[in-house]
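Participant: Listed below, chain by chain, are the residues.
2 protein chains.
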Amino acid sequence: MRDVSIIGIGQTPVGEHWDKSLRHLAYDALAAAMRDATIERADALYVGNMLSGEVSAQAHLGALIADFAGLRGIEAVKVEAACASASAAFRQAYIGVASGLQDIVIAVGVEKMTDDIGSKVTAGLASAADAEYEVIHGVSFVALNALIMQRYMYENKLKREDFAGFAINAHANGARNPNAMFQSEISREAFVRSSLIADPIALLDASGMADGAAAVVLCPTEQAREFSSNAIRIKGSAVATDSLSVHDRRDPLWLQAAEDSAQRAYRQAKVGPADLDFFELHDAFTIMAALSLEATGFAERGKGTWLARDGEITLEGKIPICTQGGLKARGHPVGATGLYQIVEAVQQLRGEAGPNQIPNARLGMTQNIGGSGATIITHIFERVNG
Amino acid sequence: MRDVSIIGIGQTPVGEHWDKSLRHLAYDALAAAMRDATIERADALYVGNMLSGEVSAQAHLGALIADFAGLRGIEAVKVEAACASASAAFRQAYIGVASGLQDIVIAVGVEKMTDDIGSKVTAGLASAADAEYEVIHGVSFVALNALIMQRYMYENKLKREDFAGFAINAHANGARNPNAMFQSEISREAFVRSSLIADPIALLDASGMADGAAAVVLCPTEQAREFSSNAIRIKGSAVATDSLSVHDRRDPLWLQAAEDSAQRAYRQAKVGPADLDFFELHDAFTIMAALSLEATGFAERGKGTWLARDGEITLEGKIPICTQGGLKARGHPVGATGLYQIVEAVQQLRGEAGPNQIPNARLGMTQNIGGSGATIITHIFERVNG
Numbered sequence: 156m157r158d159v160s161i162i163g164i165g166q167t168p169v170g171e172h173w174d175k176s177l178r179h180l181a182y183d184a185l186a187a188a189m190r191d192a193t194i195e196r197a198d199a200l201y202v203g204n205m206l207s208g209e210v211s212a213q214a215h216l217g218a219l220i221a222d223f224a225g226l227r228g229i230e231a232v233k234v235e236a237a238c239a240s241a242s243a244a245f246r247q248a249y250i251g252v253a254s255g256l257q258d259i260v261i262a263v264g265v266e267k268m269t270d271d272i273g274s275k276v277t278a279g280l281a282s283a284a285d286a287e288y289e290v291i292h293g294v295s296f297v298a299l300n301a302l303i304m305q306r307y308m309y310e311n312k313l314k315r316e317d318f319a320g321f322a323i324n325a326h327a328n329g330a331r332n333p334n335a336m337f338q339s340e341i342s343r344e345a346f347v348r349s350s351l352i353a354d355p356i357a358l359l360d361a362s363g364m365a366d367g368a369a370a371v372v373l374c375p376t377e378q379a380r381e382f383s384s385n386a387i388r389i390k391g392s393a394v395a396t397d398s399l400s401v402h403d404r405r406d407p408l409w410l411q412a413a414e415d416s417a418q419r420a421y422r423q424a425k426v427g428p429a430d431l432d433f434f435e436l437h438d439a440f441t442i443m444a445a446l447s448l449e450a451t452g453f454a455e456r457g458k459g460t461w462l463a464r465d466g467e468i469t470l471e472g473k474i475p476i477c478t479q480g481g482l483k484a485r486g487h488p489v490g491a492t493g494l495y496q497i498v499e500a501v502q503q504l505r506g507e508a509g510p511n512q513i514p515n516a517r518l519g520m521t522q523n524i525g526g527s528g529a530t531i532i533t534h535i536f537e538r539v540n541g
Numbered sequence: 156m157r158d159v160s161i162i163g164i165g166q167t168p169v170g171e172h173w174d175k176s177l178r179h180l181a182y183d184a185l186a187a188a189m190r191d192a193t194i195e196r197a198d199a200l201y202v203g204n205m206l207s208g209e210v211s212a213q214a215h216l217g218a219l220i221a222d223f224a225g226l227r228g229i230e231a232v233k234v235e236a237a238c239a240s241a242s243a244a245f246r247q248a249y250i251g252v253a254s255g256l257q258d259i260v261i262a263v264g265v266e267k268m269t270d271d272i273g274s275k276v277t278a279g280l281a282s283a284a285d286a287e288y289e290v291i292h293g294v295s296f297v298a299l300n301a302l303i304m305q306r307y308m309y310e311n312k313l314k315r316e317d318f319a320g321f322a323i324n325a326h327a328n329g330a331r332n333p334n335a336m337f338q339s340e341i342s343r344e345a346f347v348r349s350s351l352i353a354d355p356i357a358l359l360d361a362s363g364m365a366d367g368a369a370a371v372v373l374c375p376t377e378q379a380r381e382f383s384s385n386a387i388r389i390k391g392s393a394v395a396t397d398s399l400s401v402h403d404r405r406d407p408l409w410l411q412a413a414e415d416s417a418q419r420a421y422r423q424a425k426v427g428p429a430d431l432d433f434f435e436l437h438d439a440f441t442i443m444a445a446l447s448l449e450a451t452g453f454a455e456r457g458k459g460t461w462l463a464r465d466g467e468i469t470l471e472g473k474i475p476i477c478t479q480g481g482l483k484a485r486g487h488p489v490g491a492t493g494l495y496q497i498v499e500a501v502q503q504l505r506g507e508a509g510p511n512q513i514p515n516a517r518l519g520m521t522q523n524i525g526g527s528g529a530t531i532i533t534h535i536f537e538r539v540n541g
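Residue numbers (this note's numbering), protein chains in the order written: chain Z, 156 to 541; chain D, 156 to 541.
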């Protein structure tokens with residue numbers, strides 16, 4: 156297997172793009188990544204997307220986006236793993252290059268949710284859960300996460316306010332990210348007063364539905380220098396799965412697939428949690444941030460919120476998370492989110508994260524969660540030059 | 156890159172499975188393939204499916220099917236390329252094994268269409284075409300194919316009856332396939348009298364919407380002997396794309412992606428059309444069979460129907476096609492079809508094709524078409540033993 160690096164990144168602002176269709180959004184991110192990588196062609200395109208069939212009546216995004224981006228004819232396919240779709244597309248791009256079969260490969264994640272923010276999107280998001288054992292009872296995707304959070308608070312004797320630090324940190328960083336959906340800080344009081352959506356999840360616990368696209372270009376590390384002076388190596392890559400149904404997991408308060416994929420990525424990269432300079436985690440809801448920190452080894456079981464309470468997740472903390480706003484403040488265009496995380500990790504490792512830059516960041520991790528924990532994809536990236 | 160072989164196959168009958176959900180269908184095929192390969196675990200699962208989100212309100216099939224099949228925890232993802240989804244999943248499984256990253260990999264294609272045969276399925280199938288430039292004008296997927304057929308007949312001075320041989324051959328073979336949806340022969344008169352659906356496409360030009368699942372197990376060729384005495388090698392594998400919109404192609408009567416992917420597969424396998432013992436092509440409509448034969452080098456432009464007229468596509472002909480009934484008679488559960496083609500190719504190469512066996516078949520090709528030609532995936536398989 157060949158070593159693989161990222162030589163180009165691109166993203167659109169996250170928000171409500173009523174003036175752009177799916178293909179235009181994808182094109183904007185993809186073209187930016189190709190310019191950044193100084194490439195004009197590619198061997199393959201992997202598209203991450205979850206909802207285009209349900210929301211836009213458009214499947215078949217691989218060929219569609221390849222053609223629209225001027226790459227007609229190349230190998231192209233869509234990859235789906237609910238909210239982890241973009242990381243899943245990136246993973247296939249990584250395997251394609253690592254295999255020796257493809258040299259220059261593009262991964263793009265795209266989602267368009269705000270044209271129809273009503274029943275189609277709510278039903279579409281619920282399709283990440285188990286239709287026959289969960290959704291049939293009327294549970295929505297946010298309600299499922301609320302059940303997990305409720306149980307977590309009960310077991311660990313916590314209040315909703317104990318999760319405030321996650322949202323405050325995300326908004327503090329998002330406020331300085333020009334691509335973020337919500338570029339405003341929030342106070343602890345605002346978090347506490349925030350309206351409940353599904354008890355105990357309130358508006359400020361939850362990430363925003365959004366439109367957006369993000370893309371990267373990959374190539375073999377040994378060829379990366381031809382295209383880029385600041386290529387970023389993929390040091391670890393792993394996918395793990397679990398039951399879709401929360402009730403069917405061995406432990407509903409433990410993200411087994413987060414632990415499994417992180418441990419595999421750690422082994423591949425030969426690093427541990429203490430070596431990482433930052434962690435782009437999947438804070439679709441504040442509870443998911445806490446569970447992700449626990450399962451990946453940054454906090455003991457039940458103590459994920461302590462890191463937020465103690466300021467350890469800020470840019471100056473022990474393990475900065477959501478450095479460009481996370482899902483909460485950057486926004487969560489579901490099938491694109493995983494590639495936003497990866498693009499932001501590359502920005503940090505290149506030293507291009509602007510006011511949110513972590514000084515001398517060399518090693519970072521991303522983790523993208525599909526459903527309430529059924530597909531979890533972890534990647535570790537390393538700065539090679541400089 | 157490692158050489159890759161197929162060590163197990165499984166399929167469900169194609170038809171209306173109102174008593175089984177998506178996961179049960181997928182499980183039946185997957186478990187049969189695992190038994191056939193004498194394996195009890197796998198490193199990864201790739202699921203091909205097109206319509207589960209739209210029709211069954213269920214996304215996230217990778218984790219769902221892995222868990223239901225007793226493989227909880229393994230890497231699993233869904234791959235989509237419209238009606239070519241199953242071959243696209245197979246292609247990713249092939250790359251996973253070829254890369255050295257995964258040893259035992261399962262690809263399963265599953266589709267459930269007949270629970271809701273009305274508007275959801277019609278709209279879902281249309282999502283394979285361009286929503287903004289084709290479907291918005293009210294064209295359905297069959298209507299798009301009808302436009303192509305109409306033009307083809309005009310250019311080549313043909314009548315609808317000239318396509319009869321494709322449907323007659325498919326039904327003749329399907330009549331002897333216990334897994335086929337339509338196990339009955341049809342006469343030339345029945346074909347001619349068949350009711351029009353979208354002029355000039357009549358009922359007997361079109362494949363049947365159906366439920367079904369098919370699966371294969373792949374592993375490195377050097378390990379194949381541990382599991383199977385009749386492993387089948389993957390000699391060629393290629394994906395090519397084209398414009399989704401028919402009007403935007405350089406030539407609406409030429410499947411450029413069929414030519415491109417076939418030529419790449421021929422080069423990789425170091426063979427040509429004349430070397431092949433059979434060809435499982437994508438006869439979603441009779442016109443597609445003709446175009447596929449032309450683009451892959453079996454017939455000159457405009458002369459695809461001549462092979463049907465002259466009996467060259469039957470089991471005794473120069474290039475047998477649809478040896479187990481093809482999409483027309485076996486049925487076309489869209490996101491599973493590519494793996495039915497591959498399972499049937501393996502049956503032929505193992506000598507397990509029953510009354511439809513081609514004597515001493517050693518080399519076969521499959522071709523799976525997404526949309527009206529926008530994603531075309533070609534594979535070439537070879538018998539190694541015996």
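Honestly, the hints are just simulated from the structure, not real lab data.
Even glycine gets a Cβ: it sits at the ideal position worked out from N, Cα and C.
You may find that some hints are simply not true.
Unchecked claim - Calculated lysine to any residue pairs in the SDA-like style (CA-CA distance at most 20 Å, straight line):
id, chain 1, residue 1, chain 2, residue 2
1, D, Lys275, Z, Lys175
2, D, Lys175, Z, Ile291
3, Z, Lys275, D, Lys175
4, Z, Lys458, Z, Glu287
5, D, Lys175, Z, Ala330
6, Z, Lys175, D, Asp271
7, Z, Lys275, D, Ala278
8, D, Lys275, Z, Asp271
9, D, Lys175, Z, Tyr288
Stated by the list, open to error - A few chain Z positions that, by computed beta-carbon distances, are all more than 12 Å from chain D:
id, residue
10, Arg178
11, Ser254
12, Ser282
13, Arg315
14, Ala345
15, Thr376
16, Gly452
17, Thr469
18, Val539
Participant: None of the hints should be skipped; say for each whether it holds.
Facilitator: Evaluated hints:
1. D:Lys275 with Z:Lys175: 26 Å, violated
2. D:Lys175 with Z:Ile291: 16 Å, holds
3. Z:Lys275 with D:Lys175: 26 Å, violated
4. Z:Lys458 with Z:Glu287: With Cα atoms ~33 Å apart, Lys458 of chain Z and Glu287 of chain Z exceed 20 Å; violated.
5. D:Lys175 with Z:Ala330: Between Lys175 of chain D and Ala330 of chain Z the Cα gap is close to 50 Å, so the pair fails against 20 Å, i.e. violated.
6. Z:Lys175 with D:Asp271: The hint is violated at about 32 Å.
7. Z:Lys275 with D:Ala278: Within the cut-off at roughly 15 Å; holds.
8. D:Lys275 with Z:Asp271: 18 Å, holds
9. D:Lys175 with Z:Tyr288: 15 Å, holds
10. Arg178: 8 Å, violated
11. Ser254: 3 Å, violated
12. Ser282: The claim is violated: Ser282 of chain Z sits with its nearest Cβ about 4 Å from chain D, within 12 Å.
13. Arg315: Answer for Arg315 of chain Z: holds, closest chain D Cβ roughly 28 Å.
14. Ala345: Answer for Ala345 of chain Z: holds, closest chain D Cβ roughly 33 Å.
15. Thr376: 15 Å, holds
16. Gly452: 18 Å, holds
17. Thr469: Non-interface label on Thr469 of chain Z holds, nearest chain D Cβ at 33 Å vs cutoff 12 Å.
18. Val539: 21 Å, holds
Hints 1, 3, 4, 5, 6, 10, 11 and 12 from the earlier list are contradicted by this structure; the remaining hints agree with it.
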